[in-house]
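Q: Below are the chains, spelled out letter by letter.
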Amino acid sequence: DAGITQSPRHKVTETGTPVTLRCHQTENHRYMYWYRQDPGHGLRLIHYSYGVKDTDKGEVSDGYSVSRSKTEDFLLTLESATSSQTSVYFCAISEPGFNYGYTFGSGTRLTVV
Amino acid sequence: AQSVTQLDSQVPVFEEAPVELRCNYSSSVSVYLFWYVQYPNQGLQLLLKYLSGSTLVKGINGFEAEFNKSQTSFHLRKPSVHISDTAEYFCAVRESSSNTGKLIFGQGTTLQVKP
Numbered sequence: 001d002a003g004i005t006q007s008p009r010h011k012v013t014e015t016g017t018p019v020t021l022r023c024h025q026t027e028n029h030r031y032m033y034w035y036r037q038d039p040g041h042g043l044r045l046i047h048y049s050y051g052v053k054d055t056d057k058g059e060v061s062d063g064y065s066v067s068r069s070k071t072e073d074f075l076l077t078l079e080s081a082t083s084s085q086t087s088v089y090f091c092a093i094s095e096p097g098f099n100y101g102y103t104f105g106s107g108t109r110l111t112v113v
Numbered sequence: 001a002q003s004v005t006q007l008d009s010q011v012p013v014f015e016e017a018p019v020e021l022r023c024n025y026s027s028s029v030s031v032y033l034f035w036y037v038q039y040p041n042q043g044l045q046l047l048l049k050y051l052s053g054s055t056l057v058k059g060i061n062g063f064e065a066e067f068n069k070s071q072t073s074f075h076l077r078k079p080s081v082h083i084s085d086t087a088e089y090f091c092a093v094r095e096s097s098s099n100t101g102k103l104i105f106g107q108g109t110t111l112q113v114k115p
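The listed protein sequences correspond, in order, to chains A and B. The numbering of the first sequence is the numbering used here, which starts it at 1 and goes up by one. The numbering of the second sequence is the numbering used here, which starts it at 1 and goes up by one.
Source of the hints: derived by calculation from the structure; they are not laboratory data. Do not rely on the hints blindly, as some may be mistaken.
[What the hints assert, rightly or not] Cβ-Cβ distance ranges computed for the label pairs, FRET-style: (1) B:Asn61 with A:Asp54: 19 to 27 Å; (2) A:Gly3 with B:Thr110: 23 to 31 Å; (3) B:Lys58 with A:Asp54: 34 to 42 Å.
Every residue gets a Cβ at the ideal spot worked out from N, C-alpha and C, and that includes glycine.
Isolated chain A, as found in the complex (with noise of 0.2 Å):
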């Protein structure tokens, strides 16, 4: 498999608080993404890196930032935690011209309370 993993995989935090969930990959590939899983909406993009400290907004981006200081890391914000950030967060990777999906992180499961 592709060496792609997040951390953590699971944590509660409370409204309010920042949190930082870390994407790393050992692929070397250009393109990172972060999208969010949540039930009857299937996954949306939040934000997207197309090389380092290049990236852009997805169709969910409020209240979510991004970094990418290094090839391998891309870090999804929140700047202050709400309820409504409660979901499965998953972490993929692209490179242009190989096989044109995606290779997707285990995904890290945050619980807003």
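For chain A, the structure is supplied; the task is to place chain B on it using the hints.
A: Frame of chain A, contents of chain B only:
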């Protein structure tokens, strides 16, 4: 902009019966199409993809899908399902000329295989 609609949220089926999971997409440009499977408490795995060429594509675990451009559909089929096929299935689309590789996913279909 593209969109994907999976027409059934849940599909119950008995073991060894055939199954079809339906996917329709909307796009004004040429697209690539994908099916992913998610087993409980796991990430998503690629089942199959359509990039070009033959409209019938075969994937892992005996699944196949047919691209129908006129009906903008990409339905997933398996002639005989097993209990182990119980999972959630996602259809996804991306622009073939996209320089970001962004995938747009459908809402998902839960396949429940009963003994």
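Q: Now tell me, hint by hint, if it's right for this structure.
A: Structure-based check of each hint:
1. Here the CB-CB span from Asn61 (chain B) to Asp54 (chain A) is close to 36 Å, at odds with the stated 19 to 27 Å.
2. Take Gly3 (chain A) and Thr110 (chain B): their Cβ atoms lie about 29 Å apart, and the range 23 to 31 Å holds.
3. For the pair Lys58 (chain B) and Asp54 (chain A), the beta carbons lie near 36 Å from each other, so the given range of 34 to 42 Å is met.
In summary, the one numbered hint that this structure violates is 1.
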